[in-house]
Amino acid sequence: MGGWAIAVHGGAGVDPNLPPQRQDEAKQLLTRCLNLGISALRSSLPAIDVVELVVRALESDPLFNSGRGSALTENGTVEMEASIMDGPKRRCGAVSGVTTVKNPISLARLVMDKSPHSYLAFSGAEEFAKQQGVEMVDNEYFITEDNVGMLKLAKEANSILYDYRIPIVGLESCGAAAESPILMNGLPISVYAPETVGCVVVDGQGRCAAATSTGGLMNKMTGRIGDSPLIGAGTYACDLCGVSCTGEGEAIIRGTLARDVAALMEYKELSLQEAVDYVINKRLDEGKAGLIAVSKTGEVACGFNTNGMFRGCATEDGFTKVGIW
Amino acid sequence: MGWAIALHGGAGDIPKDLPPERRKPREATLRRCLEIGVAALKAHKSALDVVELVVRELENCPHFNAGRGSVLTTDGTVEMEASVMDGKTKNCGAVSGLTTVVNPISLARLVMEKTPHIYLAFDGAEAFAREQGVETVDSSHFITPENIERLKQAREANRVQIDYTQPIKKAPKIAPVPEGDQIGTVGCVAIDTQGNLATATSTGGLVNKMVGRIGDTPIIGTGTYANNLCAVSATGKGESIIRATVGRDVAALMEYKGLSLEDAAAYVVEECAPKGTVGLVAVSATGEVTMAYNTTGMFRACATEAGHAELGIWSSESNE
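As you go down the protein sequences, you meet chains D and U in turn. For the first sequence, counting from 1, position 74 maps to 74 in the numbering used here; every step adds exactly one. For the second sequence, counting from 1, position 317 maps to 317 in the numbering used here; every step adds exactly one.
Derived from the structure by calculation, the hints contain no laboratory data. Careful: at least some of the hints might be erroneous.
Capping the alpha-carbon separation at 20 Å, the derived lysine to aspartate or glutamate pairs in EDC-like fashion look like this [said to hold, decoys possible]: (1) D:Lys89 / D:Asp113; (2) D:Lys268 / U:Glu255; (3) U:Lys88 / D:Asp113; (4) D:Lys321 / D:Asp24; (5) D:Lys268 / U:Asp263; (6) U:Lys257 / D:Glu286; (7) D:Lys152 / D:Asp15; (8) U:Lys90 / D:Glu286; (9) D:Lys130 / D:Asp113; (10) U:Lys45 / U:Glu146; (11) U:Lys257 / D:Glu299; (12) D:Lys130 / U:Asp75; (13) U:Lys90 / D:Asp285; (14) U:Lys257 / D:Asp15.
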């Protein structure tokens with residue numbers, strides 16, 4: 001047994017031209033959240049509480065795409081989703097289409113703990129939030145000026161998408177794409193808001209947990225559900241490991257990425273890092289994504305095939321790392 | 001090798017003394033849907049077209065919990081969900097929270113083929129349905145007298161629940177809830193003469209479910225999964241199926257552990273999910289078929305090109 005370990009992410013797929021100041025801000029936030037998790041682990045909080053706590057902090061900060069700072073739908077509104085899973089009994093909770101709940105991850109936790117279901121969405125999820133008395137705010141609270149500008153750019157880049165199909169070629173001629181031809185989720189990466197924040201933890205008793213939260217895709221259709229709330233896709237935890245994914249949601253769903261890390265350990269007896277590498281190299285087809293993972297023995301691993309991933313990790317034996325590229 | 005097909009109309013605590021007037025129409029529907037699927041496969045329709053076609057028929061039948069005949073939410077409304085997946089490309093589509101779409105499975109297919117997304121839900125899914133011009137009807141079309149009665153009984157049983165912590169299945173047993181609360185979901189898996197695999201699953205969910213509840217059916221990897229090895233459609237208690245990632249695990253056991261389809265399905269049903277919670281139908285790329293469950297029964301039927309055919313509800317009886 002190797003003691004506790006924690007990893008956090010703030011999304012995969014980063015604009016290579018991201019100004020250094022923004023990079024520093026991101027790293028500072030990741031460090032702050034990591035430290036929050038570390039002190040909670042040192043106080044012997046269970047893994048499930050730690051992942052919730054850390055993701056709440058990420059949601060509350062406007063920098064990443066979740067909670068405040070969420071990407072906007074095509075209608076300019078925010079529809080957030082999140083899920084959480086507790087390894088020991090594989091209990092899980094998820095929410096989608098949340099518009100006024102300040103911390104979607106905590107609502108997902110309540111779905112797990114206080115409802116007979118695993119997954120509540122849209123008005124039913126909002127209704128449940130009211131019953132549970134969680135903190136609610138106006139939808140405006142989540143909308144940042146940055147994201148209003150991004151949506152405008154996304155709409156310009158997407159103006160040729162008259163039938164919803166993502167063009168394979170053609171974006172090069174658009175202004176927004178000209179400086180950066182890298183695409184994520186069908187958008188030029190300079191417009192794309194890295195999807196998702198997440199945290200995975202193994203605590204001192206070897207219990208794993210995972211939590212993921214997102215505003216989804218910039219300019220997404222209203223009602224679109226991505227990988228973040230889907231158990232086995234964006235989030236998974238069991239006795240062996242905890243996993244949180246980010247990136248092109250549709251590729252993550254098709255690849256059942258989070259469950260496959262665990263399945264490779266369970267059925268193919270790979271190590272955590274081997275399982276993570278296998279999933280990134282073999283399970284994504286053409287898709288772009290990244291993930292963070294911890295194992296019950298206190299290992300931590302991450303993998304991505306995107307241009308960068310905002311991430312940080314730490315283990316009980318003193319290893320700490322925060323990085324983007 | 002050759003084509004194969006399996007379909008289900010839900011797994012759960014199906015009373016073995018199910019009266020003939022309830023049993024026979026369901027058996028007849030299973031038989032008719034199987035015949036439709038077999039005919040389509042013989043006519044060289046693609047697996048994807050066949051599973052959609054068969055699930056549409058099952059949705060249209062009021063005896064099963066999907067489309068018309070969907071069970072009701074705690075508010076007495078219908079919220080349907082469905083998903084479809086193509087094994088070769090792993091393309092997939094899913095919908096939740098539908099209230100007016102006659103055939104949710106066909107909308108899931110349109111999400112797969114006509115949007116950059118995989119999964120649309122609630123108002124957004126309904127708006128997409130209207131844009132695509134699929135058939136919609138008033139919500140009352142889906143609601144059957146049987147399901148109004150079922151909801152009434154479930155509500156009475158739940159009156160003791162002072163909060164949400166008590167699982168619905170623990171509610172005190174009351175007299176005759178026909179076929180039990182947990183019977184949900186219809187599904188179909190197929191492999192066509194070209195060797196393509198596909199799966200489709202559709203449901204009205206759980207009786208007396210909270211508004212907005214999403215089950216396993218629309219979640220790729222849990223209720224529905226297909227790749228180039230196999231195609232799986234699961235049914236039962238959604239929350240257990242989600243935890244056990246049932247659909248993907250059948251495939252993962254074949255892929256990572258080298259199990260046969262039958263062994264993989266048996267392992268998932270016996271080892272991965274609690275007793276009384278799950279059933280599944282699956283076909284493999286080599287034309288195997290399996291129908292496994294750990295519930296009292298599962299409405300099910302299958303057929304292969306080699307001439308094997310089966311139709312049943314409980315174990316140790318096949319009344320084809």
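Worksheet entry | Hint consistency between Lys268 (chain D) and Glu255 (chain U) [alpha-carbon to alpha-carbon, up to 20 Å] | Answer holds: Lys268 (chain D) to Glu255 (chain U) is near 9 Å, not above 20 Å.
Practice prompt. Could you grab the alpha-carbon distance between Lys90 (chain U) and Asp285 (chain D) and see if it respects the 20 Å cut-off?
Written response: Holds - the C-alpha atoms of Asp285 (chain D) and Lys90 (chain U) are around 10 Å apart, at most 20 Å.
Item to complete: Sort out whether Asp24 (chain D) lies within 20 Å of Lys321 (chain D), counting only the CA atoms.
Response: The given pair, whose Cα atoms are some 14 Å apart, holds under the 20 Å limit.
Discussion item. Check the hint pairing Lys89 (chain D) with Asp113 (chain D) against an upper bound of 20 Å on the C-alpha distance.
Written reply: 12 Å, holds
Worksheet item: Is the hinted pair Lys268 (chain D) and Asp263 (chain U) satisfied, with a Cα-Cα distance of at most 20 Å?
Response: Cα-Cα ~16 Å, so holds.
Worksheet item: Hey, Lys130 (chain D) versus Asp113 (chain D), does the alpha-carbon distance stay inside 20 Å?
Response: Measuring from Cα to Cα gives roughly 16 Å; hence the hint holds.
Worksheet item: Straight-line Cα separation of Lys257 (chain U) and Asp15 (chain D) no greater than 20 Å?
Response: At roughly 39 Å apart (the allowed maximum being 20 Å), Asp15 (chain D) and Lys257 (chain U) break the hint.
Item to complete: Quickly compare the C-alpha distance for Lys257 (chain U) and Glu299 (chain D) to 20 Å and report which way the hint goes.
Response: 24 Å, violated
Item to complete: Given the hint that Lys45 (chain U) pairs with Glu146 (chain U), test it: the Cα-Cα distance must not exceed 20 Å.
Response: 35 Å, violated
Worksheet item: Does Asp75 (chain U) lie within 20 Å of Lys130 (chain D) when you go C-alpha to C-alpha?
Response: The hint holds at about 17 Å.
Practice prompt. Could you grab the alpha-carbon distance between Lys88 (chain U) and Asp113 (chain D) and see if it respects the 20 Å cut-off?
Written response: 38 Å, violated
Worksheet item: Are Lys152 (chain D) and Asp15 (chain D) close enough, with their CA atoms no more than 20 Å apart?
Response: Given that 20 Å is the threshold and the Cα spacing comes to 18 Å, the pair holds.
Going down the numbered hints, you'll see the structure goes against 3, 6, 10, 11, 14, while the others check out.
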